[in-house]
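Q: We have chain A already, so just place chain B on it with the hints.
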Amino acid sequence: MMLTTKALTKNFGGVIALNNVDITIEKGKIISLIGPNGAGKTTFFNCITGMYPPTSGKVYFNASSEKNKDIDRLKPMEIARLGIARTFQNIRLFANMTCFENVLVGKICRSKAGLFSTFFTDFSKEKEISEEVYDLLEFVGLADVANEISQNLPYGKQRRLEIARALAIKPQLLLLDEPVAGMNSQEIIEVMDLIKKIQGKGITVFFIEHDMKMVMNISDKVIVLNYGIKIAEGPPEDIQKNEKVITAYLGEER
Amino acid sequence: MKKYGQKVKIIVVLAAVFIFPLLTNSYWTHIATLAGVYIILSLGLNIILGFCGILMLGYAALYGIGAYFAALASTNLHLSFWLTLPISFLATLFFSVLAGAPAIRLKGDYLAIVTLGFGEIIRLLFNNLDVVTNGPKGIRGIAHPEFFSFKFSSPTHFYYLVLFFVLAIAFFVYKLKKSKIGKAWFAIKEDEIAAQSCGIDTTYMKFLAFAIGGGIAGIAGCFYAHWIGFISPESFTFYESVLIVSMVVLGGMGNIKGCIISAIILSLLPEVLRGFQSYRMLIFGALLVLIMIFKPEGLILKKK
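Chains as they are written, first to last, in my numbering: chain A, 1 to 254; chain B, 1001 to 1304.
Pulled out of the complex, with its shape left as it was, chain B reads as follows:
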């Protein structure tokens, strides 16, 4: 009976998600698509931070790398979205493993500083490597995705495209969590020394977390670039990294459903609060503090 109720709930939620653009206007569809990008990002960081317990403070830089590779491949080489997607994925995966190399040996504060440094280095490269990235002016004119003769152009189109990625990646991450790899990651998060003494190759497992988590950021970046059509270093700042970390933490570290819900809440809140104008971010911050006080283990508690 309980299992049955669970299924009904999933179907109702999925149905609501599918008909969402028909019920609202293009503005909210656009916002929902942005929320979708953040869901993908928080799912990716969830692997590194939530599953494996590595505090990665430079995740927005990986998102940016995905976006920049897509933008450059699209504007210079005129590659389609379906070709820039694997390019972004692999490039971001590579840079993520590169960022992981020094980070893997460190813990706590030191780890946070190294990943923070990585994020800043990449952002400064976006800003100052004018020859490649066009500096603060950013890159414009990134082509919209096409699927055979169908051109993605309206907010509704992009909503369904991001929905496809969200569902696929959520399923992928869910399967990972349930797998032996997922169990090994959780073991590393709980106690690294005990995990080693159980014969788990902790170095390899951490690199794997960086690779997969990074690759997912690349997918989000690629989608973002082709959707908005314009990217600049401003979109990939430390603030973004912190926002994504907040989503994972509020979701309850490693909880997939929780991180999806908190990604939606945290990306919609600033829009909902627009009525408060300049007090918007103040209220946003206050709400974050309140959530942390009253729900320190995340918005959704794991059933124990």
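So here's chain A without its partners, still in its complex pose:
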């Protein structure tokens, strides 16, 4: 198992944003998380990545039977270093830095960054890192804009840059929060291909999305949240037929 949550609960005052959510994310799969607005999807991501401490419940990452590693009390920085990378619903790039620098920042935690190395540069190592950064930009299709300031990029490219930055920390699990929000159908197809390519690298992808065509097309498993409760989990075909899911999205028949 890549990631498991056990009775994960998050309260904001009296509001129960997540209510005893149990999920499992299998290694190497593409898994999507859907649900109506305010269902707790982003809160769920924030609890996994340490942005919010959960009220109760556990999150296990890479857990094996004899030694469970719970990560629910770790800081975002520690979780990132363990190998869970994420993107954000409202893009969070380093706006005034170039694309190259944005990805480079993702690489910092995977290399030595002491005061010593500041003054005694290992040029072969530096070259290696910058090649890795270019490879990642190439991978997401941004090699030609490597030296552009990231805030000047069009929206779709900003999203892909954020994915490249997340990949730079060499994650085992990649969390994408609405990766195609606001994109046209051509761009959506490109992102779907990109996600499949990421899976091909052996990285597990877990994403939140409202675009049903994309969800049904590339997911191995779909998880549905409504009012903080997991109401369904299964392959896309089953979810499409699931009564509870249809009710959650469309309301009850009178």
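There may be inaccurate statements among the hints.
[What the hints assert, rightly or not] Derived lysine-lysine pairs resembling PhoX-like cross-links, with alpha carbons at most 20 Å apart:
hint : chain 1 : residue 1 : chain 2 : residue 2
1    : A       : Lys112    : B       : Lys1257
2    : A       : Lys29     : A       : Lys201
3    : A       : Lys197    : A       : Lys27
4    : A       : Lys157    : A       : Lys29
5    : A       : Lys6      : A       : Lys221
6    : B       : Lys1178   : A       : Lys125
7    : A       : Lys127    : B       : Lys1177
8    : A       : Lys125    : B       : Lys1177
9    : B       : Lys1178   : B       : Lys1257
10   : A       : Lys112    : A       : Lys69
11   : A       : Lys29     : A       : Lys213
12   : A       : Lys27     : A       : Lys196
13   : A       : Lys125    : A       : Lys170
14   : B       : Lys1175   : A       : Lys125
15   : B       : Lys1175   : A       : Lys127
16   : A       : Lys170    : A       : Lys75
17   : A       : Lys27     : A       : Lys170
18   : A       : Lys221    : A       : Lys27
19   : A       : Lys125    : A       : Lys27
20   : A       : Lys27     : A       : Lys69
21   : A       : Lys201    : A       : Lys27
22   : A       : Lys127    : A       : Lys112
23   : B       : Lys1107   : A       : Lys75
24   : A       : Lys213    : A       : Lys241
25   : A       : Lys213    : A       : Lys196
26   : B       : Lys1177   : A       : Lys112
27   : A       : Lys213    : A       : Lys197
28   : A       : Lys6      : A       : Lys27
29   : A       : Lys112    : B       : Lys1178
30   : A       : Lys127    : B       : Lys1178
Keep in mind the hints are simulated off the structure, nothing from the lab.
A: Just chain B now, with coordinates in the frame of chain A:
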């Protein structure tokens, strides 16, 4: 060709800086040395404010701590400049990290108030801790620096000494900016949450900024104390803090060349305006406002 022109420019500027005292009188050499102290200070604050984006309004207090430690070590223990220098550096570094501890968790207005409070507390300590600091009367008789048998005494000597520190620290800060640490600082300034999710230890990085930025203020303070030979709480007021913040902001937040140039301009302007006598500070203020209106991103724009 462009690279070549850049090199020529640097050599010309360096040459001009080196022969400056030979071309002018001791008054202007003295003023230039003061500008050098402000360059060091603005380079130090540039790390905290310009690189890491932490609005530190009590920087003059750190400058003062460096100066007071040097003055006390020199007058009481009769230590030489080269020994008080590391003492000032480490003491200021320590107090800077101490000031950083509560400040690191805060943002915006709250952060500004906490650092402002730190600055005032330290100034009041200088003023009222008579037993140690001799209160408002200050400390006099701080020895001039020596280098083996050579005694630094004339304005020209001090000019070259401060020039050495300015070049060394500017190089150090430049290297930092280009390094991974520098990139991490800029990332924190741009978006702290995204920086955390990239695996950057933002708490450590902010403490590091306070430590290095503070240590540099200590060096400036130590030099100032040994140069002037007399220090009092008046030299380390809130006005000084604001002046140094202005230098970093006018230089274009994080821009090393910009902050050096604006430090020179802001420390020379009051002298140039001396002819206007009592209107001096009025004009100085008006000029600051004008610069902010017409060059809001700093005197030197980053090439994009």
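Q: Decide, hint by hint, whether the structure agrees.
A: Here is what the structure says about each hint:
As the CA atoms of Lys112 of chain A and Lys1257 of chain B are separated by approximately 28 Å, the hinted pair breaks the 20 Å bound. The suggested pairing of Lys29 of chain A with Lys201 of chain A holds, with an alpha-carbon distance near 11 Å, which does not exceed 20 Å. With a C-alpha separation of about 15 Å, the suggested pairing of Lys197 of chain A with Lys27 of chain A holds against the 20 Å cut-off. A threshold of 20 Å between alpha carbons decides the hint, and for Lys157 of chain A with Lys29 of chain A the separation of about 25 Å lies outside it, so the pair is violated.
Our distance criterion of 20 Å between C-alpha atoms is met by Lys6 of chain A and Lys221 of chain A, whose separation comes to about 18 Å. For the proposed pair Lys1178 of chain B and Lys125 of chain A, the alpha carbon gap of about 15 Å is at most 20 Å, so the pair holds. Taken as a hint, the Lys127 of chain A and Lys1177 of chain B pair is honoured in the structure, with Cα atoms around 18 Å apart against an allowance of 20 Å. A hinted pair counts as satisfied when its Cα atoms are at most 20 Å apart, and Lys125 of chain A with Lys1177 of chain B qualifies at roughly 18 Å.
Our distance criterion of 20 Å between C-alpha atoms is met by Lys1178 of chain B and Lys1257 of chain B, whose separation comes to about 14 Å. Using a Cα cut-off of 20 Å, the hinted pair Lys112 of chain A and Lys69 of chain A is violated, with the two alpha carbons roughly 25 Å apart. Taking the CA atoms of Lys29 of chain A and Lys213 of chain A, the gap is near 18 Å; set against the 20 Å cutoff, the hint holds. For the given pair, Lys27 of chain A sits about 14 Å from Lys196 of chain A by alpha-carbon distance, which is consistent with the 20 Å threshold.
At roughly 17 Å between alpha-carbon atoms, Lys125 of chain A and Lys170 of chain A fall within 20 Å of each other, so this suggested pair holds. Of the supplied pair hints, the one linking Lys1175 of chain B and Lys125 of chain A holds, its CA atoms being roughly 17 Å apart against a limit of 20 Å. Taken as a hint, the Lys1175 of chain B and Lys127 of chain A pair is honoured in the structure, with Cα atoms around 17 Å apart against an allowance of 20 Å. Of the pairs offered as hints, the one joining Lys170 of chain A and Lys75 of chain A holds, with about 18 Å between alpha carbons and a cut-off of 20 Å not exceeded.
For the hint pairing Lys27 of chain A with Lys170 of chain A, the CA-to-CA distance comes to about 15 Å; that is within 20 Å, so the pair holds. Only pairs whose Cα atoms come within 20 Å are accepted, and Lys221 of chain A paired with Lys27 of chain A is accepted, the gap being roughly 12 Å. Distance hint between Lys125 of chain A and Lys27 of chain A is unfulfilled; the C-alpha atoms sit about 31 Å from each other, more than 20 Å. Restraint check: the Cα-Cα separation between Lys27 of chain A and Lys69 of chain A comes to about 16 Å, which is no more than 20 Å; the hinted pair holds.
A distance of roughly 12 Å separates the Cα atoms of Lys201 of chain A and Lys27 of chain A; the hinted pair therefore holds under the 20 Å criterion. For the given pair, Lys127 of chain A sits about 14 Å from Lys112 of chain A by alpha-carbon distance, which is consistent with the 20 Å threshold. For a cut-off of 20 Å, the pair hint linking Lys1107 of chain B to Lys75 of chain A stands: about 19 Å separates their Cα positions. A hinted pair counts as satisfied when its Cα atoms are at most 20 Å apart, and Lys213 of chain A with Lys241 of chain A qualifies at roughly 15 Å.
A distance of roughly 15 Å separates the Cα atoms of Lys213 of chain A and Lys196 of chain A; the hinted pair therefore holds under the 20 Å criterion. The suggested pairing of Lys1177 of chain B with Lys112 of chain A holds, with an alpha-carbon distance near 16 Å, which does not exceed 20 Å. About 18 Å separates the Cα atoms of Lys213 of chain A and Lys197 of chain A, which keeps this hinted pair within 20 Å; it holds. Proposed proximity of Lys6 of chain A and Lys27 of chain A is supported: the alpha carbons are some 17 Å apart, at most 20 Å.
With a C-alpha separation of about 15 Å, the suggested pair Lys112 of chain A and Lys1178 of chain B falls inside the 20 Å cut-off, and the hint holds. Straight-line distance between C-alpha atoms of Lys127 of chain A and Lys1178 of chain B comes to about 14 Å, which keeps the hinted pair within the 20 Å bound.
Checked against the numbered hints above, the structure violates hints 1, 4, 10 and 19; every other hint is satisfied.
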